[in-house]
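Between the sequences and the hints, there should be enough to build the whole structure, so can you do that?
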Amino acid sequence: KQEVTQIPAALSVPEGENLVLNCSFTDSAIYNLQWFRQDPGKGLTSLLLIQSSQREQTSGRLNASLDKSSGRSTLYIAASQPGDSATYLCAANNYGQNFVFGPGTRLSVLP
Amino acid sequence: DVKVTQSSRYLVKRTGEKVFLECVQDMDHENMFWYRQDPGLGLRLIYFSYDVKMKEKGDIPEGYSVSREKKERFSLILESASTNQTSMYLCATGVYGYTFGSGTRLTVV
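Heads up: the protein sequence lines correspond to chains A and B, in order. Residue 1 is where the first sequence starts when you use my numbering, and the numbers rise one by one after that. Residue 1 is where the second sequence starts when you use my numbering, and the numbers rise one by one after that.
Source of the hints: derived by calculation from the structure; they are not laboratory data. Take these hints with a grain of salt, some might be off.
[To be verified] Label-pair restraints from in silico Cβ distances:
hint, chain 1, residue 1, chain 2, residue 2, range
1, A, L11, B, T15, 36 to 42 Å
2, A, T26, B, E30, 24 to 30 Å
3, B, T86, A, R55, 38 to 44 Å
4, B, V12, A, A29, 43 to 49 Å
[Said to hold, decoys possible] Among the chain A residues that face chain B by a calculated CB cut under 7 Å, a handful are:
hint, residue
5, N32
6, L49
7, F99
8, V100
9, F101
10, P103
Note that beta-carbon positions come from the ideal geometry of N, C-alpha and C, so glycine has one too.
Next up, the structure:
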């Protein structure tokens, strides 16, 4: 059964810093991996979706990579801003299976 | 873009009440899901549906039921609300990637 972990649980950085959030999964036969952002008290907003045939996806200041052999995905945020403060979750699924979610990393970007 | 609408942002209900949480999606997706999210426990899947009239139990179905009479609507039912069902409830739809609603914060008193 696929399991997803995210380390660290919380991260605090000064504004302007580039940062990397980590996501690990146990079953390398992954079908899709999705990164989400969640603001306090709100639903999840999809940031990037990486299909198994892809190595990375980019959207603005965000870049997500996928390395199936090592069971890892990273979300790179360039030039962080206070508005990036939120909880970031990753989720992975295998073919025909529901997505499994990680616990999230709570990011604080300090002005 | 897919839009997922949850009928209420905040609800306060009394113990023992029957509670209906509604979710509507506008993109003709087959798959729909209900999660609850609690601090320290993450997202937990309650029920899901791959088709109209079809429903499957997730990881924590006890105390809940669902209804899917139309493709676009997936309802979560708390048969007799209890205080341990106080939580954030999230509806999602999608196959290759999920789109979530804005969530319903339910408080049972």
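Hint check results:
{"no.": "1", "hint": "L11(A) x T15(B): 36 to 42 Å", "result": "39 Å, holds"}
{"no.": "2", "hint": "T26(A) x E30(B): 24 to 30 Å", "result": "27 Å, holds"}
{"no.": "3", "hint": "T86(B) x R55(A): 38 to 44 Å", "result": "42 Å, holds"}
{"no.": "4", "hint": "V12(B) x A29(A): 43 to 49 Å", "result": "44 Å, holds"}
{"no.": "5", "hint": "N32", "result": "6 Å, holds"}
{"no.": "6", "hint": "L49", "result": "4 Å, holds"}
{"no.": "7", "hint": "F99", "result": "6 Å, holds"}
{"no.": "8", "hint": "V100", "result": "9 Å, violated"}
{"no.": "9", "hint": "F101", "result": "5 Å, holds"}
{"no.": "10", "hint": "P103", "result": "5 Å, holds"}
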